[in-house]
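Kindly generate the complete structure, drawing on both the sequences and the hints.
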Amino acid sequence: MYHTAWTQKHSSLPSDRIAPPSRPSSSQSNSKSKGKNVKSDQGPPKSKEVRKLETLLSSLKGSESPKKDPKGGCFCQARNHPLSSYTPICRTCGLILCNVNQPYFACPHCLASLISGNIRDSLVSRIQAQLDQTIAREVAARERAIEEAKQQAGAFPTLYGTTPTAKPIAPQPQTHKVLSLNSKSKKVLLSSYTSTPASSRPASRSETEDEEAAIMRIPPPSMEMNFARGSIDPARPWANLVNENPEYVSPPTQGEPASRRRRRKGKDRDNGSRA
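Residue numbers for the sequence shown follow this note's numbering, beginning at 21 and rising by one.
Hint data in this document are derived by calculation from the structure and do not stem from the laboratory.
Mixed in with the good hints, there may be bad ones.
As the list claims (entries may be wrong) - Below 35 Å or equal to it, Euclidean Cα-Cα: the simulated DSBU-like pairs (lysine-lysine) are: (1) Lys88 x Lys72; (2) Lys66 x Lys91; (3) Lys66 x Lys88; (4) Lys68 x Lys170; (5) Lys68 x Lys87; (6) Lys170 x Lys66; (7) Lys72 x Lys91.
Right, here's the structure in full:
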């Protein structure tokens, strides 16, 4: 038999010419299995409330000495934001604190610690209890939704052996070739243009965009004092001298206007004089 470059001398069967399929190594298979296990162990994504409580709990446990809020805190005194449920007031200077001021930071005014050692321990246990209750409530709601989905799917059972729905294929970049004639050199030019499709965006907002929502913080009051420029009038000791041109605003009249009441009084006087 005539032997070529791709045939073997010890065999003359055509099947021996086909190369055996390459098998993945054990290290690659182990890494893929580990990756699948990691993804399965992550579980469902955490809600915004759970992430907020976890951040607050870890910050309270890790902060020994109070630090100043890098964003400056908020001086609205619970006028623009709700009152803080953890540290509603600074025990040193008496500043009313809203929920924007975190308990693990120092007071934005006097830079004193908002919580002491005993209060810190009780606050940590309180937040831990809130975190456990929130997680249990979300797990119960998730299980309830799964049960409702199973009950709804029971009325319309799935058929076995059906082909699964195909995943949408991402659009690939397309290359176009254009022939053009140069007017000066009279030569044919071949140009290629590649159009890249726009990537599809998710319908829902990401978690980072929700957490980075802008919070309106009230800055501290100005340290400059406004003094009266003029002297006090003895006839008007309570006059406001800070404003340059104060204007008097009369209170609104109730019922009829004053002109009608004056006309009615004049008519009554005329009738009395005639009588």
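We went through each hint and held it up to the structure:
Note on Lys88 and Lys72: the hinted pairing holds, with a Cα-Cα distance of about 20 Å set against a maximum of 35 Å. This hinted pair checks out: Lys66 and Lys91 have alpha carbons roughly 26 Å apart, not beyond 35 Å. The straight-line distance between the Cα atoms of Lys66 and Lys88 is roughly 29 Å, inside the 35 Å bound, and the hint therefore holds. Distance restraint check for Lys68 and Lys170: the Cα-Cα separation of roughly 27 Å lies within the 35 Å cut-off, and the hinted pair is therefore satisfied.
Annotation: proposed proximity of Lys68 to Lys87 holds, straight-line Cα distance about 25 Å (limit 35 Å). Between Lys170 and Lys66 the alpha-carbon distance is near 23 Å, which keeps this suggested pair within the 35 Å criterion. A distance of roughly 18 Å separates the Cα atoms of Lys72 and Lys91; the hinted pair therefore holds under the 35 Å criterion.
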